[in-house]
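Both chains come to you apart, so use the hints to assemble them.
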Amino acid sequence: MKTINDLWAYYNTTLLPDLRVMENERKNIANKVLILNIVGGIVMFFCLILFFVIYFFVLILVIPAIIGWIVLYQKFTKSYVSQFKTKVIFRVIKFIDENLEYNPASCIGSDTYYASKLFQHGVDRYNGDDLVYGFIEKTRIMFSELHTEYKTQHTDSKGHTHTQYHTIFRGIFFVADFNKNFSGQTIVLPDTAQKMFGGWLGNILQSWNFTRDQLIKLEDPEFERLFVVYGTDQIEARYILSTSLMRRIVEFKKKTRKDIRLSFISNHVFVAISNNKNMFEPRLFKTLLDFNVIREYYEDLIEAVSVVEELNLNTRIWSKQ
Amino acid sequence: MGAILGIALCLVVIVFVIFIIGLVMYNSLIRKKNEVNNAFASIDTLLKKRYDLIPNLVASVQQYMKHEQGTLTQITEMRAKAMSGNLTPDQRIELETKLTKTLGGIMVAVENYPDLKANTNFLQLQAALNEVEEQISAARRAYNAAVTDLNNAIEMFPSNMMASMMKLQKRTLFEISEEERKNVNVKNLFNQ
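Going down the list, the protein sequences come from chains B and Z.
Take the first sequence: its position 106, counted from the start at 1, is 106 in our numbering, and no numbers get skipped.
Take the second sequence: its position 101, counted from the start at 1, is 101 in our numbering, and no numbers get skipped.
Treat the hints as calculated values from the structure; they're not laboratory data.
Bear in mind that the values here come from a model prediction, so they are computed numbers and not experimental data.
Wrong hints could be hidden among the right ones.
[To be verified] Result set (PhoX-like, lysine-lysine): computed pairs, CA atoms no more than 25 Å apart in a straight line:
1. B:Lys94 - B:Lys138
2. B:Lys151 - B:Lys2
3. B:Lys117 - B:Lys151
4. B:Lys320 - Z:Lys170
5. B:Lys217 - Z:Lys170
6. B:Lys27 - B:Lys277
7. B:Lys217 - Z:Lys33
8. B:Lys320 - Z:Lys117
9. B:Lys286 - B:Lys254
10. Z:Lys117 - B:Lys138
11. Z:Lys170 - Z:Lys33
12. Z:Lys101 - B:Lys320
13. B:Lys254 - B:Lys2
14. Z:Lys49 - B:Lys320
15. Z:Lys33 - Z:Lys48
[Said to hold, decoys possible] Counterexamples of contact, computed for chain B against chain Z with all Cβ distances above 10 Å:
16. Ile29
17. Lys32
18. Tyr150
19. Leu226
20. Lys253
From the three backbone atoms N, C-alpha and C, an ideal C-beta is built for every residue, glycine too.
Bound-form chain Z, shown alone (with noise of 0.2 Å):
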């Protein structure tokens, strides 16, 4: 009697102990895909908070840049289209791709036109600019900070097993093409 007593708690022990690391892992994965999704949701911030400069900048910059007219026109398009929301998101990635590099070509070109140059509310944009790249660059750094967090997790044991139950998918990264990272020494053109 007193032996089935005790493997009985014993097993109510296990079982127990078991319940606990499950619920555990259970918070911790979606705690991450939460993460994944809140990165997410920042990157989407920042690229509209560069939806509201670029017609801005298009505007201060037209009336010099005579050669690049075909650009700026292309810059307004895929601002246009960017903005629709009809798109999938790796529809969308890859527009915004474009988009950052276009951006940075007509940054380059700034360099023909003095006058540009010499222009305060020009340079105010450009800074501000900038400075919303950069925080492009690290919302996406986060988010692909999240999201080897995240499949780690679903990839590693044990909570490969919680994940597979939950149905959780691993998600892919942000891939830094190379002309972002060129355009990083591109900025530094402007240190001058």
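Bound-form chain B, shown alone (with noise of 0.2 Å):
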């Protein structure tokens, strides 16, 4: 495992000459994005006071301008975010394994998401980028940002109808192949009623939980006390779960501080990595020769590529090689 120390220099020889050039045109594009909000604000500001004055005639006037603020910015930003990413989070991809490629307009398929069977409620705006990709050793994975919701529509009194989207999950989704074959399903989720209702009535609550498989009671009671599990085959689920792995996902929750969902299906295994923010993303507003700039970027793929580790994956001393 590479060390912070490593990173500061990598961040030093290989990073910090393009960064020095980045940053530049960073400061270029910041203050013509400054300019342009500026100009935006301004023009917003008029649009308003017009308003009293020529009402709806004013919307003319108000969307065009939108447009074009948003265009603009755009059109300001785009080359620099591309160079961004190829330059900086590709490179600190690959300094934590040359072997893990990255595609920043890419992302975990749908089709994926559904099949890891974590989140059950339907999709009407499917969102993602940062798609890294390849094997840690003999462990193949795949991770990238997905951003998933659903929609709600209500018609109001005057019969306008209002579309409001809610999250069903943000954050790093992750699927990699798991050390030990199975054949039927297991799913950790956090766990919510025993946290509410308690232990006793929180457990009647969860397997009368019908849209999952069966109710697996574990013997980790910190394991027990963070999650909830529903399987096809209770064996299968404590074989999958080991007294091990299920240390190793409560010291991994603990460490990320994250809500944390994880399924084995057909071999595999998906987690999925809550988070508000948008990662990978440059902020155009602060400096980039900024050690610690890079070390957020760092810590942020650090904590995705770990899974592998934390969940012990490349341990095959079971008949899957």
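The structure is reproduced here in structure tokens:
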């Protein structure tokens, strides 16, 4: 495992020369965007004043202004963003492991997302980017940022329909080969019922969850407090969730302090790590020449890559090699 | 007249509710009992799977392991004894535990035989054995979970009343011995 010191060395030798060039560009673009925002703000302010004078006419002005604002913003930042991803994020990924590949525009497919059975809600809007894939030793992995939403619509008294989008999942979605063979499915979800209603009643409520498979009660009390497990086979679920893997999952959960869900289906492990920030994106108004900025990207990435190590996926002592 | 009818109706409702509760309790106890039997049966299946592996394993290591001949014969004997079928469940559990331990010992001894560690046939068998051992341990845990569920129902109010009427007995858990806990660490030796 590489350390922060290694990253510091890599930062100074490999990243810094390019970062310096990009930093100049960033300042240029940041200035342009700043001017754009000031102009946009002023236009909006006048529109607001005009709104009282000429009422609806103002819409003719506002809509093109907003579109223009967005178009200009994208025009200013587009090449910088793509440059940033290939020069910075790509290299940090290569630093983590030479065998990993990166595709900034692509993401985990919706078929994989549905196959994981981690989220049961139907998806109306599916977005994602920053796909990382490749092998960590023997284990094939793939992860990307993902944001899934469902929509609700309601009609108010005037007959207008309002559409609202609600997040189902946002964060890192991770898929890897699992190191044991199995045929059924086992799903590990955060335990909400036991947290709300206590152990006994929570357990009863969980066993009444008809949309999921059988409830699997495991013997690790801390694991049971944090998670609830559903599966098709009581023995297989315990074969997958060995006592050591349960410990590892608890440790991983404590380390990341995030909402995590796991599922084990058709010899794969799916891990959804919730996160509310838009990761691996450049920040225009913050200097690039700060090691901590790079370090943050590194830590976001390593959190996903480390799943392999945390879950011990490279241990191949069973018949699956 | 009306009052008597009312009381009678109330009684009927109460009896009906008690009947339904009893029915639900009865069914859930039966289900729990069957789950325990089912879990026990699956341990048995997996133990049989291990019996199938043992002769191959012994055959493939025999020519290499000169110093462990005695242990290998012991393993073969234990397997034959366990398979004979004339053992009480307690004796069987004891024997299986001993077998697990001895097999674990052989797997550690393998470290002294580099030729054996290079033999692909043996490596496959070793992986298969690790898998079965892990599955057996999973089956035991499943059995223990089912037993805990049943024992709780037998001891807790109000299902304990129904259980005593049904003459259900508490079951004993599979103890996981100290040696077996160590076996988990032993397996880590093969990671290198």
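To see whether the hints hold, each was checked on the structure:
Of the supplied pair hints, the one linking Lys94 of chain B and Lys138 of chain B holds, its CA atoms being roughly 17 Å apart against a limit of 25 Å. Of the supplied pair hints, the one linking Lys151 of chain B and Lys2 of chain B is violated, its CA atoms being roughly 43 Å apart against a limit of 25 Å. At most 25 Å may separate the alpha-carbon atoms for a hinted pair to count; Lys117 of chain B and Lys151 of chain B meet this at roughly 20 Å. For the hint linking Lys320 of chain B to Lys170 of chain Z, the alpha-carbon distance of about 39 Å lies beyond 25 Å, and the restraint is violated.
A distance of roughly 19 Å separates the Cα atoms of Lys217 of chain B and Lys170 of chain Z; the hinted pair therefore holds under the 25 Å criterion. Proposed proximity of Lys27 of chain B and Lys277 of chain B is supported: the alpha carbons are some 23 Å apart, at most 25 Å. In summary, the hint linking Lys217 of chain B to Lys33 of chain Z is supported, as the alpha carbons are separated by about 16 Å, within the 25 Å threshold. Only pairs whose Cα atoms come within 25 Å are accepted, and Lys320 of chain B paired with Lys117 of chain Z is accepted, the gap being roughly 18 Å.
Under the criterion of a C-alpha separation no larger than 25 Å, the hint pairing Lys286 of chain B with Lys254 of chain B is inconsistent with the structure, at around 30 Å. For the given pair, Lys117 of chain Z sits about 20 Å from Lys138 of chain B by alpha-carbon distance, which is consistent with the 25 Å threshold. With a C-alpha separation of about 10 Å, the suggested pairing of Lys170 of chain Z with Lys33 of chain Z holds against the 25 Å cut-off. Of the pairs offered as hints, the one joining Lys101 of chain Z and Lys320 of chain B holds, with about 24 Å between alpha carbons and a cut-off of 25 Å not exceeded.
A distance of roughly 21 Å separates the Cα atoms of Lys254 of chain B and Lys2 of chain B; the hinted pair therefore holds under the 25 Å criterion. Note on Lys49 of chain Z and Lys320 of chain B: the hinted pairing holds, with a Cα-Cα distance of about 17 Å set against a maximum of 25 Å. Simply put, Lys33 of chain Z and Lys48 of chain Z have alpha-carbon atoms about 23 Å apart, close enough for the 25 Å limit, and the pair holds. Once the 10 Å rule is applied to beta carbons, Ile29 of chain B is consistent with being away from chain Z; the minimum gap is 49 Å.
With a minimum CB-CB distance of about 55 Å to chain Z, Lys32 of chain B clears the 10 Å threshold, and the non-interface call stands. Distance check on Tyr150 of chain B: its Cβ is at least 35 Å (rounded) from any Cβ of chain Z, clearing the 10 Å threshold; non-interface status holds. For Leu226 of chain B, the shortest C-beta to C-beta distance to chain Z comes to about 18 Å, beyond the 10 Å cut-off, and the non-interface label holds. Residue placement check: Lys253 of chain B keeps its beta carbon more than 10 Å from all beta carbons of chain Z (closest about 21 Å).
Hint compliance for this structure: hints 2, 4 and 9 are not met, and every other hint is.
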